[in-house]
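Peer 1: Chain by chain, the residues run as shown.
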Amino acid sequence: MSQTATSENLSVAEAQSILEAMVDAAGVNKPGANPSPISPTSVVPKFELPPSQESRANEAHSGIWGAERRYRALIEQIPVVTFMAAMDETIHDLYVSPQIESLLGFSQEEWLADPFLWFNQLHPDDREAWQREFGRTCTTGVQFRSEYRLMARDGRVVWIHGECQLIRDESGRPLFLQGVAYDITESKRAQAALEQMHRDLEIMVQQRTAELAKANDLLRAEIAERQLAQEALARQAAELVRSNTELSQFAYVASHDLQEPLRMMASFAQLLAQRYGQRLDADADEFIGFITDGATRMQRLINDLLAYSRVGKGDIAKVWVNCDAVLAVARENLRAVINESGASIDHGALPVVFGNDTQLLQLLQNLIGNAMKFARPETPSEIHVGATKQNDEWLFHVRDNGIGFDPRQSERIFLIFQRLHSRVKYPGTGIGLAICRKIVERHGGRIWAESVPGSGSTFYFTLPAAEVRDDPGSAR
Amino acid sequence: MTQAAPDEPIDILLVEDNPGDVRLVIESLKHSKIRNSMSVVEDGEAAMAFLRRQGVYTQAIRPDLILLDLNLPKKNGREVLAEFKSDPDLRRIPVVVITSSSGEEDVLAAYNHSANCYITKPVDLTQFVRVVKSIEDFWLTTVTLPPH
Chain F
936 MSQTATSENL
946 SVAEAQSILE
956 AMVDAAGVNK
966 PGANPSPISP
976 TSVVPKFELP
986 PSQESRANEA
996 HSGIWGAERR
1006 YRALIEQIPV
1016 VTFMAAMDET
1026 IHDLYVSPQI
1036 ESLLGFSQEE
1046 WLADPFLWFN
1056 QLHPDDREAW
1066 QREFGRTCTT
1076 GVQFRSEYRL
1086 MARDGRVVWI
1096 HGECQLIRDE
1106 SGRPLFLQGV
1116 AYDITESKRA
1126 QAALEQMHRD
1136 LEIMVQQRTA
1146 ELAKANDLLR
1156 AEIAERQLAQ
1166 EALARQAAEL
1176 VRSNTELSQF
1186 AYVASHDLQE
1196 PLRMMASFAQ
1206 LLAQRYGQRL
1216 DADADEFIGF
1226 ITDGATRMQR
1236 LINDLLAYSR
1246 VGKGDIAKVW
1256 VNCDAVLAVA
1266 RENLRAVINE
1276 SGASIDHGAL
1286 PVVFGNDTQL
1296 LQLLQNLIGN
1306 AMKFARPETP
1316 SEIHVGATKQ
1326 NDEWLFHVRD
1336 NGIGFDPRQS
1346 ERIFLIFQRL
1356 HSRVKYPGTG
1366 IGLAICRKIV
1376 ERHGGRIWAE
1386 SVPGSGSTFY
1396 FTLPAAEVRD
1406 DPGSAR
Chain S
1469 MTQAAPDEPI
1479 DILLVEDNPG
1489 DVRLVIESLK
1499 HSKIRNSMSV
1509 VEDGEAAMAF
1519 LRRQGVYTQA
1529 IRPDLILLDL
1539 NLPKKNGREV
1549 LAEFKSDPDL
1559 RRIPVVVITS
1569 SSGEEDVLAA
1579 YNHSANCYIT
1589 KPVDLTQFVR
1599 VVKSIEDFWL
1609 TTVTLPPH
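These protein sequence lines map, in sequence, to chains F and S. The first sequence lines up with residues 936 to 1411 when you count with my numbering. The second sequence lines up with residues 1469 to 1616 when you count with my numbering.
The set of hints was computed from the structure by calculation and includes no laboratory data. Don't be surprised by glycine CBs; every beta carbon is placed ideally from N, CA and C. Please note: incorrect hints may appear among the correct ones.
With beta-carbon atoms standing in for the labels, derived distance ranges [unchecked claim]:
hint, chain 1, residue 1, chain 2, residue 2, range
1, S, Ser1507, F, Ala1260, 28 to 34 Å
2, F, Ala1219, S, Lys1601, 23 to 29 Å
3, S, Asn1544, F, Thr1180, 51 to 57 Å
4, S, Glu1573, F, Leu1168, 32 to 38 Å
5, S, Pro1477, F, Glu1376, 56 to 62 Å
6, F, Arg1270, S, Glu1572, 20 to 26 Å
7, F, Phe1225, S, Pro1477, 39 to 45 Å
8, S, Pro1541, F, Ala1271, 41 to 47 Å
9, S, Arg1559, F, Phe1352, 25 to 31 Å
10, S, Pro1541, F, Leu1182, 23 to 29 Å
Covered stretches of chain S (in silico footprint by chain F; criterion: 3 or more residues with CB under 8 Å from a CB of chain F, positions within the stretch not fixed) [to be verified]:
hint, segment
11, 1481–1492
12, 1592–1604
Produce the complete structure using the sequences and hints provided.
Peer 2: Below, the structure is given as structure tokens:
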């Protein structure tokens, strides 16, 4: 920054020498001296000048002081520290603006009195960098611009943004430097806080990413496990279907193929009896009786087995079935037995369900037939059939006043061919209830029985309740 | 309506592989009012050969009535029925399917292939004899059989 010429066109050299003289006179440069700041009000000794130049000099003088006042005002008001330092053996400040006091707590006098103060206040950690950068400025002439810390008087660390420029002479020798410095502590603090927040955020993001990755891995593992389980389940289901199909086919075929040898036994035993009965003794008759009896029973068992296997065979056709109507048909089918035994059948309103009408008929007929078959001697059967809605299913009951059964047998009676009584007393193969259970289970329900021996029994079964659509469909 | 020529025996072809059943049918018809002559073949292939008078059966007579079991070796009764009822020359001959099965599918299949009627062989001998007798009464006595 070159000196601006006054309104009088002094040469740079002239102005410079005048300035030097003034500075000298102010005593600023003298170490140990008590420098008084240059002030527009301080009296400046008049120069001794040759008379020819005096007026001109006086004009220049006032011009210079006018300018000086303006620049001083500027320098001392702006919110930065301005400084000027000479560069000889050391760098020592020639001028520092009063803002130094609010910046670091040192007065101008103090600052300028000790040429080493500014360096001592420079933060030890920043000294090397400062020197390096300043060295660069000296060698290259590039403007010095740096951020460094100065210690305030009270020990506070103040971050400084400093810029200065080197003034050289014609030969390039550095004469002095001048520059500005201002407080960037707040800015630095804010920046540090921001950087810390960034770091923290970074860490949080990493943590969260790691957590997510872990959760993802867990999920993936679980999905894989689920899929395996599902596949296993699907395989099991397929296996079950295949096995069931095989089983019912087997039952069907076996029953079928068993019929023929059976007929042979029964028929020829009878033929034997017919043709040779007279010629044989009573024992032979009895033996033949056992043979035919056996064959007949086997025939019934096979028929029942066939009936049982047919319940499970294939997909059953389902329609809307009016259970009231089904009960009516069952009663009709059992009319002979009902009349003969004097049984009475009472019923509540029965619902419409979605199922196979033939099988539901078989179910009701079996249960009612049983109720009548196992009546108490001399006691006509009183049978009650009803249904109540429970959540999403219908609970049916068939109650009788018959001989009942031991509640401990309540599971066994539903097993195939399991009977609780002798054949002679109560005829039957013991398949009726097994068929009932199969029918109920095929419809997605459950069947069980309760009893008080000597009083009667109640058979319960459930059927899923379905929403009745607009037309109740085919009822029998 | 009775048969035109009561002296002429009715020719029956029994297609049955079970010797026991063969015997039962023969015994049941033994004391029949109507004279009948029974030929027996044991499998479906033989049945077709007999009806077509092929192979060893070139001298075979044309039966008036066929009693057909469904479970036969080689060719089963259903196939025989299908083949024979689609032959314009043979299909007039009435076929009584008399078999062990009572299964609905078998009954349906038999009628679908134009069996004239379907009978399940009873286990009980008395019933069996009664059934054969009723065949005799109906098919040999009541019904007019198609002319040859």
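Peer 1: With reference to the structure, classify each hint as holding or not holding.
Peer 2: Cross-check of the supplied hints:
1. For the pair S:Ser1507 and F:Ala1260, the beta carbons lie near 52 Å from each other, so the given range of 28 to 34 Å is not met.
2. A hinted range of 23 to 29 Å holds for the C-beta pair F:Ala1219 and S:Lys1601, which are about 27 Å apart.
3. For the pair S:Asn1544 and F:Thr1180, the supplied restraint of 51 to 57 Å is violated, since their beta-carbon distance comes to about 23 Å.
4. Distance hint for S:Glu1573 and F:Leu1168: a CB-CB separation of about 33 Å, consistent with the stated range 32 to 38 Å.
5. Roughly 57 Å separates the CB atoms of S:Pro1477 and F:Glu1376, a value that falls within the hinted 56 to 62 Å.
6. At roughly 25 Å, the beta-carbon separation of F:Arg1270 and S:Glu1572 lies within the given 20 to 26 Å, and the hint holds.
7. Checked against the hint of 39 to 45 Å, the C-beta distance between F:Phe1225 and S:Pro1477 comes to roughly 40 Å, which is consistent with it.
8. In this structure the hint that S:Pro1541 and F:Ala1271 lie 41 to 47 Å apart at CB holds, the actual value being about 43 Å.
9. At about 46 Å, the CB distance of S:Arg1559 to F:Phe1352 disagrees with the hint of 25 to 31 Å.
10. Under the hint 23 to 29 Å, the C-beta atoms of S:Pro1541 and F:Leu1182, about 27 Å apart, fit the expected range.
11. As drawn, the segment 1481–1492 of chain S meets chain F at 4 residues by the rule of a beta-carbon pair under 8 Å; at three or more, the given contact holds.
12. For the segment 1592–1604 of chain S, the stated coverage by chain F holds: 4 residues have a C-beta nearer than 8 Å to a C-beta of that chain, and at least 3 were required.
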